[in-house]
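Novice: Each chain, letter by letter, is given below.
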Amino acid sequence: MASSVRRSDPRATLNPTALVNEAWLKLGNSPRIASTSPLHFKRIAARAMRQVLIEAARHRNANKRGAGAVFVTFDDRLDRRPSYAKELLDLDRALDELAQIHPRQAMMVESRFFGGLDTPEIAQLLEVSEATILRDWRAAKAWLAHKLRQAR
Amino acid sequence: MDSTRWNQIQALFHEAADLPLLQQRAFLQSACRDDDDLMADVLALLEEDARGSSMLDSDVAHVAHELLDEACLPVMKSKEFGPYRIVRVLGEAGMGVVYLAERTDLGHHVAIKILRDAWLSPARRERFASEQRMLAQLNHPSIARLYDADTLQDGTPWFVMEYVEGVPLTEYCAANDCSIEERLKMFRSVCVAVQHAHAQAVIHRDLKPSNILVKSDGSIRLLDFGIAKQLESLDVSMDQTRTGLRLMTPAYAAPEQIRGGRIGIQTDVYSLGVILYELLADHLPFDLSNRTPGEAETILAEQEPEKPSARAKRTNGIPSPVTRSLSASKSSWADLDVMCLTAMHKDPQRRYASVEALIRDVDHYLKGEPLDARPDSLRYRVGKFVRRNRRAVGAAALVFLAIFGLVVFYTVRLTRARNAALAEAARTQRVQRFMQNLFQGGDEEAGPADDLRVVTLLDRGTQQAKILDADPAVQADLYEEIGDSYEQLGKYDQADSLLNLALEKRRAIYGPDSAESAESLVALGILRKDQGRLEDAERLVTEGLDIRKRHLPPVHPALAKASATLGRVMVARGEYVQAIPILEAALRQQSAQGQPPPTSWELWEIWQIASSIWATTPNRNS
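From first to last, the protein sequence lines are chains Y and A.
15 is the number of the first residue of the first sequence in this note's numbering; add one for each residue after it.
907 is the number of the first residue of the second sequence in this note's numbering; add one for each residue after it.
These are computed hints drawn from the structure, not numbers from a lab.
Built from N, CA and C at the ideal position, the CB exists for glycine as well.
The reader is advised that the hints may include incorrect statements.
[What the hints assert, rightly or not] Here are some chain A residues the structure puts well away from chain Y; computed CB gaps all over 10 Å:
#, residue
1, I915
2, R1094
3, A1259
4, Y1316
5, V1461
[What the hints assert, rightly or not] Listed below are the simulated DMTMM-like cross-link pairs for lysine to aspartate or glutamate, each with C-alpha atoms no more than 25 Å apart in a straight line:
#, chain 1, residue 1, chain 2, residue 2
6, Y, K100, A, D963
7, Y, K161, A, E1210
8, Y, K56, A, E921
9, A, K1121, A, E1162
10, Y, K161, A, D943
11, A, K1236, A, E1201
12, Y, K161, A, E921
13, Y, K161, A, D1193
14, Y, K100, A, E1262
15, A, K1252, A, D1278
16, Y, K56, A, D1278
17, Y, K100, A, E953
[Unchecked claim] To be clear about the criterion: a stretch of chain A counts as covered by chain Y if any three or more of its residues have a C-beta under 8 Å from a C-beta of chain Y, and this derived list gives those stretches:
#, stretch
18, 1095-1102
19, 1162-1175
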């Protein structure tokens, strides 16, 4: 082992990712975080996570189209597989569209997918029953998946 | 699409989704009628629902990982940063990528760290810059040195630092089978490096063996100040602390880092304690593998670690080379335990106050001197136990108190009952002896005489009773009974003296206003009636009856007896008018108690006599 930094520590269970780091940094800029309830905080964290991911995806996508001429990649990994970046950007647009026709469902998807909130938490947050959340999730997920497929 | 349309689609989707696949189309055809678009939309949803393989079905962490991996490890087109030429990637650390590079003119190797995705946020760039600032501040042979820093055209910052070719501390010790002394000496130099950082007000916050490399010459280098924190820095907002917390390696994190509490130099002391533990025991204090982050946090914040000496001996039963090299006497292990657990104390205030204090104790140990640190006192541990288990301890104390109270209560009650029983037994015994003496006349051999007369018995009884001074209550009872007997035999003088004695004694023992005194009063009253001293009789019986009335319920045999006696006295005095209601009352009482007829009949007769005499009296108003 001759590197000054190891890629990952096998004993680490909280594997730090640049993403989580970024979301926390973003949240730190919101002054009222400290006074919110844990649930509401998770909701805000979900929003932050979406913003960070979309921002990252947008940047990746721009690089790929050749806008960032400074960087090239070591390997051809980027071209081997369908781009997560593009799919995330499509998801972002589809979520915005969903927010127009059914705001509650859009908020639910954001909390669940980007924030990792579970069904009881979302039910409490949106003040509807868990059964409603499960129905909404099924329909919204199918619709978003359809949108993503169309956008390919 | 608008909300109405979407609700329509959803409704049909949910209805159709639960149907068997073959019936779905038929159902939709009838439900949608001519609206082909509607049907197509619902069918598309059903198709996706059945497929279930969109991005939304995967974990966001996975998506994020893939996304960030997609364009991972960017590098200069020319692969050159100023005078440095990139050789290869060494690894990733937090927000940065570290490359091995060669200085083209001088030929030596360096490590170059660049901030990945610098465009993401100013906060990100600020954090990178602060790491760079702190490194520049630290000038110590055991801390990887900062050489150079610059920014790429697109604003990506990078800096150059000493390239350390070495292995992590723990791996080095295991590979070289280092003795405890060697390990402690190396640990000491780590402490000196950390102490240097503290002197510059820099807290490392991520001390762990993989950040401490040992070079081939045995010297150590402290690396990665990526989440270090400058004390008293302007930026002390919460996100800094939280970021540090989230990026921390949990196995070496102090409880206050886990909880998001105040971070100080004691935080690094804790991590050093964990490193020392690992060096001594060859294991981490807590096994966090296969734990969720939440579980790991709970364990670190609450569980007390096993002593390193005990952990070292318990190496799965197999004596490893490490345990062989880790031999030390029992008292040395005791010191090592105290040193380690003091550094690792859950309460930052009870750890070594500074790394310097820890170094002092390492030196004490190496020189064989007593340590400054003391193990937690019993009092502290008990107090801590109580605080930690406040509810349980409270409940246990309550249960204990309840049991204790019950035991005391029953003990007292049992003692009282036992004393009463003993007194009763003693009295019975005395009465028994009295009866024996009474009949045997003090001559045990002869036994009771054949011609024993009642009067003789009573005379003997009186004598016996008089020497029973030990138990005045029994004595009084005997006087009363014997007095009654004399009275019935017509021996009024003897009866008079005994009943008077009984009354005196009872008044002395039970008080003048007692049931016993009342009984004696009534008995003496009957005697006076028989003696023909009717006025005295009336006074005595009335007094006895009044006491009885105050203490007894309206219906009671003693009350009936007293009333009947008074009635007879009144009849004897010729006071029929007053006698009649008293006798009636006595009769009512007796019938209410179901007394045997003879007593009642006798009273009944007296009452009839009184009534008839009164009826025939010419001057009835007098």
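Novice: Looking back at the numbered hints, which does the structure fail to meet, lowest number first?
Specialist: 1, 7, 8, 9, 11, 13, 14, 16, 18, 19
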